[in-house]
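Chemist: Top to bottom, those sequences are chains A and B.
For any residue, its number in this note's numbering is found by taking its place in the first sequence, counting from 1, and adding 900.
For any residue, its number in this note's numbering is found by taking its place in the second sequence, counting from 1, and adding 5.
Quick caveat, the hints were computed from the structure, so don't treat them as lab data.
It is possible that part of the hints are untrue.
Unchecked claim - Listed below are the simulated DSS-like cross-link pairs for lysine-lysine, each with C-alpha atoms no more than 30 Å apart in a straight line:
hint : chain 1 : residue 1 : chain 2 : residue 2
1    : A       : Lys967    : B       : Lys14
2    : B       : Lys62     : A       : Lys970
3    : A       : Lys967    : B       : Lys75
4    : B       : Lys14     : A       : Lys936
5    : A       : Lys968    : B       : Lys76
6    : B       : Lys88     : B       : Lys62
7    : A       : Lys956    : A       : Lys996
8    : A       : Lys1008   : B       : Lys88
9    : A       : Lys968    : A       : Lys956
10   : A       : Lys968    : A       : Lys1008
11   : A       : Lys968    : B       : Lys75
12   : A       : Lys936    : B       : Lys76
13   : A       : Lys1008   : A       : Lys936
14   : B       : Lys62     : B       : Lys75
Unchecked claim - A few chain A residues that face chain B, going by a derived Cβ cut-off under 7 Å, partial list only:
hint : residue
15   : Ala941
16   : Leu943
17   : Gly1002
On a predicted model such as this, the values are computed, not experimentally measured, just so you know.
Beta carbons are placed, not taken as given, at the ideal position from N, Cα and C, and that holds for glycine.
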Amino acid sequence: GEDVEQSLFLSVREGDSSVINCTYTDSSSTYLYWYKQEPGAGLQLLTYIFSNMDMKQDQRLTVLLNKKDKHLSLRIADTQTGDSAIYFCAESTGGKLIFGQGTELSVKP
Amino acid sequence: DGGITQSPKYLFRKEGQNVTLSCEQNLNHDAMYWYRQDPGQGLRLIYYSQIVNDFQKGDIAEGYSVSREKKESFPLTVTSAQKNPTAFYLCASTDRTSLEQYFGPGTRLTVT
């Protein structure tokens, strides 16, 4: 079945770049997404990428997609303490989203 | 303001009681979803509905029930058959053309 995997934790220093990685299994996924969740809140869509793209940049966020390896990454440039949150990748399949376990990003001053 | 509301934010119940979680949206979205979130496990899909009066089971539907009598409302009932109901429950919605699922703020259910 479909599966999405992420590492659980990432710690960086303020001002550094953060790279959060994700692997997925459904090669027919049309779109792949990155969501952000702050403590005790719902999820907020950060960005998405269509499966025929390799890269998408949106201000401090860069998404890279390696379709051959089914690998997705989210790079946050100049990471700030306000970026501390849990980040979820998700793949779309059959009208549903399949989410990874989430990566908790901790930004140290 | 358009959005999704879930109430209450915190809910406490005794074991053996059914409890209904509310989800309302005024975005005129066709599809609505219920997810359960446990620490370190991400979001798991419980039920979803793509149109009024129709819904489908997700990956972990056992012990839950839903209804979709109105476009704007998709309540979730956690029944006494759900073995481990304590969790954070998230509702989401999307329209036919949107790429984005909009999420509500969530309800934290604690069953003791």
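Chemist: Work down the list of hints and note, for each, if the structure agrees.
Modeler: Okay, the hints, checked on the actual structure:
The suggested pairing of lysine 967 of chain A with lysine 14 of chain B is violated, with an alpha-carbon distance near 39 Å, which exceeds 30 Å. Proposed proximity of lysine 62 of chain B and lysine 970 of chain A is supported: the alpha carbons are some 27 Å apart, at most 30 Å. Among the hinted pairs, lysine 967 of chain A with lysine 75 of chain B is inconsistent with the structure: their alpha-carbon atoms are about 40 Å apart, more than 30 Å. For the hint linking lysine 14 of chain B to lysine 936 of chain A, the alpha-carbon distance of about 19 Å falls within 30 Å, and the restraint holds.
At roughly 40 Å between alpha-carbon atoms, lysine 968 of chain A and lysine 76 of chain B are farther apart than 30 Å, so this suggested pair is violated. A threshold of 30 Å between alpha carbons decides the hint, and for lysine 88 of chain B with lysine 62 of chain B the separation of about 17 Å falls inside it, so the pair holds. At most 30 Å may separate the alpha-carbon atoms for a hinted pair to count; lysine 956 of chain A and lysine 996 of chain A meet this at roughly 22 Å. For the suggested pair lysine 1008 of chain A and lysine 88 of chain B, the alpha carbons sit about 39 Å apart, so the restraint of at most 30 Å is broken.
As the CA atoms of lysine 968 of chain A and lysine 956 of chain A are separated by approximately 17 Å, the hinted pair is consistent with the 30 Å bound. Between lysine 968 of chain A and lysine 1008 of chain A the alpha-carbon distance is near 34 Å, which puts this suggested pair outside the 30 Å criterion. For the given pair, lysine 968 of chain A sits about 43 Å from lysine 75 of chain B by alpha-carbon distance, which is inconsistent with the 30 Å threshold. For the given pair, lysine 936 of chain A sits about 27 Å from lysine 76 of chain B by alpha-carbon distance, which is consistent with the 30 Å threshold.
Restraint check for lysine 1008 of chain A and lysine 936 of chain A: satisfied, since their Cα atoms lie roughly 18 Å apart, inside the 30 Å limit. A threshold of 30 Å between alpha carbons decides the hint, and for lysine 62 of chain B with lysine 75 of chain B the separation of about 18 Å falls inside it, so the pair holds. Because the closest C-beta pair between alanine 941 of chain A and chain B is about 6 Å apart, less than 7 Å, the hint holds. At about 4 Å, the closest approach between the beta carbon of leucine 943 of chain A and any beta carbon in chain B falls short of 7 Å, and the interface hint on this residue holds.
Because the closest C-beta pair between glycine 1002 of chain A and chain B is about 5 Å apart, less than 7 Å, the hint holds.
The structure is inconsistent with the numbered hints 1, 3, 5, 8, 10 and 11, although it conforms to all the rest.
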